[in-house]
Structures are given as C-alpha cells and as structure tokens.
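What follows is the residue order along each chain.
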Amino acid sequence: MTLHRSRLGQLLAAVFIRGSDAPFVLRDLDDSFSHDVARGLAPAEVRRRDLRNIVASAASIWAESLRPSAWRPSLVDVRLGLRTIGRTPALSLVAVCALAIGIPVGLAPMHAVDALERPLPGDPDGRVRTLCYWRDTVHEHATAGDYSLWRTSLRSFGAVAAYRQTTVNIDLGGAGLSVPGIETSASTFDILRTSAMLGRVLRAEDETPGAPGVVVIGHDLWRAQFGADPNIVGRPLLVGGAPFSVIGVMPQAFRFPSSHQLWMPLRLPDDGGGPRSGASLVVFGRLADGATPDSAQAELQTLTSAVAAGNRDAFDRLRATVLPTWHLTFGFPSPGGLRALPEFTLIQVLLLAPLLVACVNVGLLILAQTSTRSSEFAVRTALGAGRGRILTQVFVEFMVVALIATGAGLLILDWLPARLLTALGITLPYWIETGLNAATVVRALALAAGCAVLAAVVPAIRMTGRSIDANIKRTRASRSGTRLGGLPGALIVIDVAVAVVAIGVAGGLWGKVQATQPSESIDGVRAEQILSVTLEVPSIGRQQVARAQSAFVERLRGEPDVRAVTFATALPRMDHPSRLMDVDLDAAVDAAPAAGPFKVRTARIAIDYFDQLEQPLVAGRGFDSRDLEDGAGTIIVNTTFAQRAFGSSNAIGRRVREATPDRAPAGPWLEIVGVVGHLGVHALTPSQDDGVYFPLAEGDANPVRLAIWVRDDPSVLAPRVHELARAAAPDAVVAMPVPLDEMFEGDWYLLRAAVLGAALLVAVLLSLAASALYAILSLVVSQRTREIGIRVALGANRWGIAREVATRAVLQIGVGVLLGLPFAAALSYEFLELTGAGGSVPGAVAMASVLGVSVMLLVSLVACTVPTLRALRIAPMDALRKEG
Amino acid sequence: MGHLGELEQLILFAVAALGDDAYGGAIRAHIEERSGRVVSSGAISTTLGRLEERRLVIGRVGAPVPGRAGRPRKYYALTPAGARDLHESYTAIRALAGGLLQRLHALAEEGS
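Chains A and B, in that order, give the protein sequences.
Under the numbering used here, think of the first position of the first sequence as 1, with each following residue one higher.
Under the numbering used here, think of the first position of the second sequence as 1, with each following residue one higher.
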C-alpha cells in the first residue's frame, strides 16, 4: 500500500513553504518523505518526521527572507530605479511633487522647534541656563532680590547675570530714535564669552549707582546711525534725555538677548530687598565646572525651600527651575518647552497627515503600476531572484524618487521660512537659524525611507507574496497583471477618509476666517478711529511711571483732533491674557448653569476706560476711585462671562476668584460691580470669549497700551505721539503707533495665509487622491474584462453589470466618508480650539466635506464608467480570445 | 578563505560525496546517514542558496518529474572555490583537533 503524506502536512507545506525556491523545497520534502518510506520506517514515524521537516523548513525559509544581506541594495538597483523613472515619468513626477510638498510640511514642526530650542552661540554644550519660577503652568521671572540671593549663594553656577529689557530714545542731533536694549549686569558678557568689537564691554564698576553713564551699542546701530565711525568710543550720547558715553561696539552677530542693539549697566539696590521683591529681572548663569543642570536644579530647589519656609505667601505654589536659555526669550507655557506640549503633538500629527495621504496615494498608483509588472517579477523570480532581492529593487527604485523629492523638500524648507518671515516683517532672535540642520536632514531621510516602504515595498510585498509557479500561472491567465484582491479597496477607503478629514480641517479654517472678518460692528468700538500706542517708561519707581503716564495722557487730551484717551494692559481686539476663575457657589441664590473654573481673558483698565470708549455698562456701575483702594477687590465682567457663569440671574454682587484647574483658590474673592458688552478680548475672535476687567491706576503697569480716539484719520497723529511722549517724559518710549483695526488685521492676514496654504495643500492632495483613485479603479475594472465578457456571453444585462461595478466603488467611497467625517469634525474642532477660537464652524466643515465627497464620487464614477463601457463594448468572443 | 559554518561544511561534504546526484533530498539523507544529524529541507535549501551566492556551489534545475506535481529538482555541484574553502576549513579543524580526540573521548567517558 502506498503511504501518503498526512492532510496536515499537505496543508502546512502548501501554506507555509513560499518564496522563489518553494518548488525545489517542496520537491525535496517529497523526496525526503519517499526516502523515509523506502527505509522501512513505521508510517506514523514517517509522518511525524515529515511534519517536523515541513515546520522546520518553513521557519528556515522565513528566517532567511529576513536576513539583512538579502536586502542589500546594489548599484544595479539604482540604475533600474532611474530606468523605471524614465519609463514612468508621469507617475514619478506625481510621486516627486507629492513627497516634495508632504516631506517639508511634515518636518516643519520639529524643524521649527529645533530652531527655537537651541543653545546660544558660543555655548554649544548648553552650559548657560536661565533661572526662573513657575507657578503651576505660568512662567514667572525672578526679581532683583532673587538675583541678589542666587548670585551670592548658588555654588553650581560660576557666574550669574541679570537683565531687564527696555526700549530707549537716543538723541541723534535733534532727531530721536527708539532702540531696543537691555539694562544688564556686566557678568553677562563674561557668561556669554564675548567681547567688544571696538572699545570694551560693561564692567562691574559700571553697575555702581552714581558711576558715569556708559552704553555699549550694537553693530547694526553703529553702522546705520553712526556711519560705522571708528572713533565712536568715548562719544557722548543722550539716552532717554540723560548723558551717556559710548564705551564699545559689539560684533555684528551679537544681539543678546534677542534683537537688541544697546546694553546699559544694571544698577540695583545692594540686596534687592530680599527674595521675591524688587524689580522683575531675567536671570541666567553659566554652570560651574563639574556642575550639571540636575545638580544646579537640586541646589536651587534646596535654597528656595529654605527661603520659602520664612515667606510662605510669596512662594505659594512657586517652583524655582534651572532651564535652557531658549526660555530667556520665549514665554513657553511649559518648562519642557514646545515639544512637551500636547498641542505640539497634535500639530505634528496634523502636518504629517498630508504626507501619509501622499504616501497612500502614491502607493495606490505604484500598486496599479506594480501589478502590471507582475510578469516581470515572475520572470526575475524564475531566473533566481529571491523575494528580498525584488523588494530591495522596488525599495531602491522608489528611494531614488523619494530622495529627489526629499532634496526638493529640504531646499524648500531651507529657503522658505526666512523669506516668509521677512515678508511678514518678523525678526527672530539672533541665535535662531531657520536653515537646515543635521537633525532635519536625518529626519527627512528617515521619512523618505518610510515613504518608500509604505508607498512601494508594501504593494510589492503584496505582488511578490506568491510562489513562482503561482505568479507564472497568474501571469499566463491574465495579461493585465495580478489581481489586486481587497487591498486597493482598503486603501481607497483610507484614502477617501483622510481626504475628507483634510477637507474638513481646511473647511474649518476657512469658516474661521469668515467668522473673523474685520468689521467695525463686531465690538461696537470704532477700531479704525482709534490709534493704539504702547508707552513704556524705563524706570522702576511707581511714582515716576505714574507721572509720565499721566503727563502723556494729559498732553494727548490737549490735542485738537483727539476725542478721548484711555489706557489699559490690553485694548479691544488684542489678545488678553487668560486666567482661570471660579464662581462663589455658596453665595449663589441658584446654582450656576455651568461648573467652573472658567477660562477667562483679562485686562487691567483705567477707571475711565468704558466712558472714554463710550461703552455703556449693561448692568451695575463702572469703576471709580474707590475701586483703586487697597483691598477693594472689584471687577467688571463681560456679558459672555455673566451669561455662562450665572445664566439669566443677576451677576452684580456675585463673587469670583482666581483658581487652579482643580478649583483650589489662587486669589481673594472679587466682587462683580458691573457688566459690559463685548469689546473683543481675543485677536482672532473679537466677539467670543469671556472677559474680566480689573481696575488699573496710573503707574501700576508698565508698559501700558493707550487707546487714542481720533476724530479724523488716526495715522495722521502717529508721528506726533513721539513728540508728545518726549515732552511728557524725556525717557518715555512710545512704540507701535498703529490704528487698532490694522493691528488686528495683522493676525487676520496671518490666519488667511495659513488658510491659503492649507487650501493649496488640500487641493494638491485631493488631485493626487483623485488621480490615484482613478488609476486603481480603472485597473480593477479593466482586470474584469474577461469576466465581463463571459457574463455578457451568457446573457447578463450589460447595464446591470455597469451598475454593479459602480455600486462597489460608491460603497467604498461611502465607507471612507463615514470613517472620515467624525475625525474631520473632531479634528477641525480641536484645531479651532488650538487657535483660540473656541467652537467649530460646522457649516463650513459640512460644506467642504460635501464638496470633497462630491469630487471623490465623480472621479470614482468616471474611473469605473470608462473601463466598464470599454469592457461592455468588446464582443464576448473577442474578450475570451484576448485574455485567454 | 571564506568562513564556513558547520552546516555549510556538512552540506559541502555531502555535495562532494553525491557528485552528479546532489539534490536537496539526497543531501539531507546523506547527512543523516553519515552524521546522524537531522537537518530540515528548508535549512538545506537556504544554505545552498547562500553558498551559491558565494559561488562555492553551482546549481542547475533538473527536468520536471511526472507524478510530483511537475516539480523539478535542483542539483548542485562543488565549484573549485568551494572545494578549496572546504579543504582549508577541514584542514584547519583537523590541525586544531590533532592529538585531542583521545583526550576528548576520555573526558566524555569520565563525565558519563
């Protein structure tokens, strides 16, 4: 009796013995089985040995296919890749364009963070660190008292320095010029290991009160205003009306801490008045030899704990930190910097999505193209090429395309940011370089390799997954290539879903632009008639600041064209800083409609603010001099906040206080004395958001924003405000005199540019998706020519077949749309929240989605119809003969 | 000389011994009969593939045989480079093992 292999053995061999050598291994398995039978082994033993041989063989073959050397690319692959590009120029062009856009967009967030979060020049190891406080998630600067303590106590720092920013007027023979500068300790130059290009830098003796006034100027200022005078050192200069002399000129590359051009000595009282007292300062230092950021942090923490023990109120929830220097310039909302923020992750994911879409679409196109190459793969396999060899070839082929795209993408990333910033008039801190860096190039190459795997290798794995004879048989059976199975269907669904999400986000952005069109009726304030200026008095004495502010306001009111003048820390339509506020529920007559704490936007305003802007209160009273007394604890809220916190009940007399996110108190109770309408508390959504106003006395904030209501064109008054400010106080500095509506438009144009960019990206992706959809659907349908021919020959209804083909495509699109819509809605909402808008714009999202879905449906119907009609036109016998 | 692993040496010896009749099944049977080692057909196939890449053996596809789903055998022959590497490899082992076999045997006996 002939012994046959077990059914399990047959099944395992058929399923697991794959690859180019599968026929020979199967033959060897047969031979080994026959050999064991011939040796006279018991049937059970023969089958056991056979099963073991099959399983061990399958394991060996799979392990071999994963061997790294099986994937080793060669120059031949590169040549083949270049030849394939030449053979399929359209596909290669589409792939290059898609990736050349997708790669820089995907890299942009990390590239930007790398550019922002880098050490200062001359400090490659990051030994210079800033010392500051954090109260919960809010960054707080140190004070003169802290600086004095840290400078004398901390052993982890070789030197500690402090500065405060100021803008000063310098006198240039009668004409004034506002120059950004800092008052800084002399140790700054030692810590930054820099010296003057001409003359000298500041010295410790320059900081002594009463010492002669000296100033170091920047290279740009020296060239532009002093004609690069080589004898500038020792030249007298009026700074803020006071006599100074120039002692040095810094090199061109030095603009510490950001884009500054003037350095004056910082003169402080001896001890600064103790920790947490005195003027607000930025403190930084260079780590001592042997110290690490961690050891410095530990020492600072120990010192702070000891000091806090005697002053619990001032140090409540305060955490002293030693951080990298990029915290000097940017008010990052987290000690970990930008990359530690969840919003950053969201943006990163959002901006990688276009690349994913591009890869999926290019993958679909390559799948369509690869399927027509199945006969080529079969022949190469028959000639001895392993699967790894073919996959390597496909990978290298696509890597050639991806590398061209990466090169183009990197050029864009190197070139565009600097041009864009220049066009927008944004000056970055001197130590930021927007050009390419090594990390970005490495990430770009990794992305290119990822794209090659996703877009080329995955389809090729699909194509080469069968044994040689299966491929040859399939190649013989159908000239149009290998059948694609369920993979294209899945990719089409993903493709449509991602396209819908992209359209949704773009729609959301567009809706936001529509919702934030500048309009004078948004907040009832005639923004186009109001000139906004910033007044800064470079003095630490409250009385001096109050006098200067008061004198400037009085002089402005004396101008014939000025209708009203008031001041605040933020004016209508500007971004007001946000805080969390909790409502006193115990005192509530009825429960609040929504549970706090509420995120509100706040401003400190002059007591005549609403009167001057002619904004009548909706309820209660405006501020008066009583509200400026210590412990008055009164506030005015806007109607949005009143409605949200108290519903229809009266807000007047109710109490609110600052709170932590878990509703722990963070400030005293404050009584609401008035309710006012919307004045705009956010730059992008003037009509939204909750607003809370605190009373502000002259001298209590420096700088302040002044709103000057002009009867005529406010820009006419702009040049005059400088003269008036200097007349009021020689050292007072006026900055940014622009009409309020123009200041708002800056942000709006930025948003519109973002929308335009997003729309462009979505348009590119949509056209890519549409072309991929067309290619894949028409390929799938054309592969059914033989089947359609037979069915027509057997008497099937032609239009029934056409309907069936179209229904399948529509179903795939439908599933994609259903999958994509919830994500589109959620993402657009998240994105709008991120941009500070609050609330989504469902109408615009829905409209954009409907448009996108319509485009996809149209494309897929055309993609199905053309090849189906072609197939239906073919006579049944012709179809059989052609494909047989 | 390229490094040869133990399995590679066993297979090369089998190919050399089998001459014109060296195909996977025969190699497997030969190794098992002469050394007692059971090696899977897949391991023999992948090892031969690697040796072929290194040009130590040369393969040729035989004629399809009826009754085995038309699957052909693949026959292998030792190349001069393969013969040289195998010779050098075995000579090295023999030089190292010289005079040690009796001692190894005695040690093994003590342990058992």
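Keep in mind that the hints are not guaranteed to be accurate.
DEER-style ranges, computed between Cβ atoms [as the list claims (entries may be wrong)]:
| id | chain 1 | residue 1 | chain 2 | residue 2 | range |
| --- | --- | --- | --- | --- | --- |
| 1 | B | R84 | A | V78 | 52 to 58 Å |
| 2 | B | D20 | A | G407 | 51 to 57 Å |
| 3 | A | A59 | B | A92 | 47 to 53 Å |
| 4 | B | I58 | A | V379 | 46 to 52 Å |
| 5 | A | A490 | B | G19 | 38 to 44 Å |
| 6 | A | I790 | B | I58 | 43 to 49 Å |
Everything labelled a hint here was simulated from the structure, so no lab data went into it.
We put the CB at the ideal spot given by N, CA and C, even for glycine.
Cross-check of the supplied hints:
1. B/R84 - A/V78: 52 to 58 Å: Since B/R84 and A/V78 have Cβ atoms about 33 Å apart, the given range 52 to 58 Å is violated.
2. B/D20 - A/G407: 51 to 57 Å: 54 Å, holds
3. A/A59 - B/A92: 47 to 53 Å: About 30 Å separates the Cβ atoms of A/A59 and B/A92, which means 47 to 53 Å is violated.
4. B/I58 - A/V379: 46 to 52 Å: 21 Å, violated
5. A/A490 - B/G19: 38 to 44 Å: 52 Å, violated
6. A/I790 - B/I58: 43 to 49 Å: With a Cβ separation near 47 Å, A/I790 and B/I58 satisfy 43 to 49 Å, so the hint holds.
The structure is inconsistent with the numbered hints 1, 3, 4, 5, although it conforms to all the rest.
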